[in-house]
Amino acid sequence: MAEHLILSRQIDEEAAKKRLQRLGATACEPAWVSLWAAALGLPNGTPGAWLLSAQKMRRALLIVGAELPAQTTAIDTELRIESGLPPTPEALNRLWLWERMATPRHWRIQVLDSAPTSIWLPCWLGYARGRQHRLLVISGLSGEPLPMLKPIVLKGLEQAYRNGSESETKSSGVNKRREKAV
Amino acid sequence: MEGFTLFDTVVLIGYISLIAWIGSRFGKDQHNPEDYFLGGRKIPGWAIGLSVMATQASAITFIGAPGWGFEGGLERLVTFINVPLAMIVLILVLVPIFHRAGIYSIYELLERRFGPATRTLTALLFLIARGLATGVVLYAPALVLAVVTGWSVNLTIIIMAVLAITYTVMGGISAVIWTDVVQMFVLWLGALLSIFFLVTSLPDGWGDVFDFGAASGMFNAIDLSFDPSVTYSLWAGLFGGFFLHVAYFGTDQSQIQRVLSSPSVLDAQRSLLIGGYLLIPQMLLFLFIGVILATYYQQHGLTPPEDLNELLPRYVVSAFPSGMAGLVIAGVFAAAMSSLDSALNSLSAVTVRDFYSRYIKPNASDAHYLKASRMATIFWGLYATLFAFFAGNLGPVIEAVNQIGSWFYGALLGTFLLAIFSHRSNARGAMAGLIAGMLSVWCVSSLLDISWLYNNTVGVAVSMSVGYLVSLSAPAPSQDQLSDVMMAEAAPDMQAVLAARADNAEVIGKEARLTRRRCIGLFAWFCLMLGMLALLQGWANG
Numbered sequence: 001m002a003e004h005l006i007l008s009r010q011i012d013e014e015a016a017k018k019r020l021q022r023l024g025a026t027a028c029e030p031a032w033v034s035l036w037a038a039a040l041g042l043p044n045g046t047p048g049a050w051l052l053s054a055q056k057m058r059r060a061l062l063i064v065g066a067e068l069p070a071q072t073t074a075i076d077t078e079l080r081i082e083s084g085l086p087p088t089p090e091a092l093n094r095l096w097l098w099e100r101m102a103t104p105r106h107w108r109i110q111v112l113d114s115a116p117t118s119i120w121l122p123c124w125l126g127y128a129r130g131r132q133h134r135l136l137v138i139s140g141l142s143g144e145p146l147p148m149l150k151p152i153v154l155k156g157l158e159q160a161y162r163n164g165s166e167s168e169t170k171s172s173g174v175n176k177r178r179e180k181a182v
Numbered sequence: 001m002e003g004f005t006l007f008d009t010v011v012l013i014g015y016i017s018l019i020a021w022i023g024s025r026f027g028k029d030q031h032n033p034e035d036y037f038l039g040g041r042k043i044p045g046w047a048i049g050l051s052v053m054a055t056q057a058s059a060i061t062f063i064g065a066p067g068w069g070f071e072g073g074l075e076r077l078v079t080f081i082n083v084p085l086a087m088i089v090l091i092l093v094l095v096p097i098f099h100r101a102g103i104y105s106i107y108e109l110l111e112r113r114f115g116p117a118t119r120t121l122t123a124l125l126f127l128i129a130r131g132l133a134t135g136v137v138l139y140a141p142a143l144v145l146a147v148v149t150g151w152s153v154n155l156t157i158i159i160m161a162v163l164a165i166t167y168t169v170m171g172g173i174s175a176v177i178w179t180d181v182v183q184m185f186v187l188w189l190g191a192l193l194s195i196f197f198l199v200t201s202l203p204d205g206w207g208d209v210f211d212f213g214a215a216s217g218m219f220n221a222i223d224l225s226f227d228p229s230v231t232y233s234l235w236a237g238l239f240g241g242f243f244l245h246v247a248y249f250g251t252d253q254s255q256i257q258r259v260l261s262s263p264s265v266l267d268a269q270r271s272l273l274i275g276g277y278l279l280i281p282q283m284l285l286f287l288f289i290g291v292i293l294a295t296y297y298q299q300h301g302l303t304p305p306e307d308l309n310e311l312l313p314r315y316v317v318s319a320f321p322s323g324m325a326g327l328v329i330a331g332v333f334a335a336a337m338s339s340l341d342s343a344l345n346s347l348s349a350v351t352v353r354d355f356y357s358r359y360i361k362p363n364a365s366d367a368h369y370l371k372a373s374r375m376a377t378i379f380w381g382l383y384a385t386l387f388a389f390f391a392g393n394l395g396p397v398i399e400a401v402n403q404i405g406s407w408f409y410g411a412l413l414g415t416f417l418l419a420i421f422s423h424r425s426n427a428r429g430a431m432a433g434l435i436a437g438m439l440s441v442w443c444v445s446s447l448l449d450i451s452w453l454y455n456n457t458v459g460v461a462v463s464m465s466v467g468y469l470v471s472l473s474a475p476a477p478s479q480d481q482l483s484d485v486m487m488a489e490a491a492p493d494m495q496a497v498l499a500a501r502a503d504n505a506e507v508i509g510k511e512a513r514l515t516r517r518r519c520i521g522l523f524a525w526f527c528l529m530l531g532m533l534a535l536l537q538g539w540a541n542g
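Residue numbers (the working numbering), protein chains in the order written: chain A, 1 to 182; chain B, 1 to 542.
Calculated directly from the structure, the hints in this document are not laboratory data.
Note that the coordinates shown come from a computational prediction; the quantities given were computed from them, not determined experimentally.
Hints are not guaranteed to be accurate.
Which bits of chain A does chain B cover? Going by a derived footprint, with three or more residues having C-beta under 8 Å, they are [unchecked claim]:
| # | segment |
| --- | --- |
| 1 | 18-30 |
| 2 | 132-140 |
Stretches of chain A that chain B covers, calculated by requiring three or more beta carbons in the stretch to come under 8 Å of a beta carbon on chain B [to be verified]:
| # | segment |
| --- | --- |
| 3 | 54-68 |
| 4 | 91-98 |
| 5 | 122-129 |
| 6 | 150-157 |
Beta carbons are placed, not taken as given, at the ideal position from N, Cα and C, and that holds for glycine.
Turn these sequences into a full structure, and let the hints guide you.
Quick look at the structure:
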């Protein structure tokens, strides 16, 4: 597995709680999702934004900025979810083509000719209870809901549950609090 | 009566040039690539809200609604009274599914659910319907140009078509928030100034308007007749118009595009909310201008123009001070160009994504697809132009554009609802339902005397029921086909996983469901609007 760049968590726990509460969640926990970042910019120019994707994603996420907001400290014991192999360059180009078709203003921006960077994207997972349990995923960078990441996160949670890593991944939450979510 | 003066022409050209300059300055020539993406980030929330409102204040509204109000008073408002309810359905049902599915064109969802034939047919229906409606949108500014210059409307249609196609093929004016805000301001200023000049020209001002409106039944917005042939009964508005607007905002790519491109579901909801709150008051304003114009024509013993779409542009040109008329007419042009640009773009995007890249050139280069999308823009521009020549015979443009939609929308929406709500339905049923829905609308509108608003209800009901029944004759869809329309976490084993995680996650207190509150707000708004119309009607009828 390639070395991951760790993006720094911009949305702290309090802010995440508020956002998830508005979406109907009653419990939350931090998580990290591995994705692949491809640089976007004018031809032969410097990056101005990053396209985050994985082979299993149908649409990519867009992060604006010349540089990815990286952190130097390692990820602690929070839940980590792998999304698999990087998309092929052809798939990335095609993904960006359809994004540009949808937003013609971006037409001149291209995927820059470099291999995608492997990253850990910080997320917050919210759990809502109605007739059924629901999962909500919001970005740890902007706080925006990321419904397109749900299939990857669900698969990761299922995998963690199967692997019996449950006790390990929940430790951070349990240490902080003992009461149960209602 | 000054007419359209040289100064007006200077203002018109100046305004259009200024908007074009702002668009190109802030939309294209950025040297820093971050500027392409950061366009709206540093702009205050109120400006973004106004820009969303600008997309709802189209030239069609400015031109068509006063003629509509002139003819029938406020009764036609029932066509739009359902919009808050339609937005609730969009927010609760359609938008979350479309967003989660990660699609560029909503017809892709139907391919995953029902197969390629359903996607192709629904996308084709969209192209036909939106292409026709674009013809009406093209007719609106052409009519204004004809009024201003005195030229034949057929000539101005050709001029406007050449301008709109060239402008779109060249890349259009990039959507810049501030140009939308200016456009919104100018159109509303035009409407409010029209009211001011009209009312002050009447001997008793508002008294004349209310006396005439009440005496001629123009404030009777709510008709409780159960007769289906009554075009604008409350029931036609609630049951027919509701499906019309769910389909228009939810299954028409030109409208849902903004939602699919929103960074998040909450952003998408916000633009729908603004539409949900704004459309009724906006339509009320322009219909009311129609009522005031009717009073004005009656008081001054004037004969209205044969084409009622000309009413407000004619008044603006004849009564507004020099310069102000040019500004308002320029606002109408800018709004029309913006609508045409986005309609032609969505038509060409669907053509390339749903047809060209799938059936003709699946693996071409970006440059090739760009060229193909430009050719598609020209094709749909010509198609719309052909239809624009007939648009003048269709009555008020705002009714024409909705009637055209009603021929197609019911069956389209029915197919989407079948995909989402009936997990037993399959490709065979969806195709049968779609075709039966279209045929039923055609039969009902040509054989029965019922309100055109009900076409949408008929289309939805027939396509869903036929779709479901025919589905029973073929195997049920696979779990994979249902993945986009089912909650991914609904499976029992996933529920166990989520329950375990939720039990051990941090408690964040009582839920504060924003979506639920937003929907309750929209419903309350609907009740308030209906109540106010009932009060006005009660007052008018003594």
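Hint by hint, which ones does this structure get wrong, listed from lowest number up? Hints that this structure does not satisfy do not exist here, as all of them hold.
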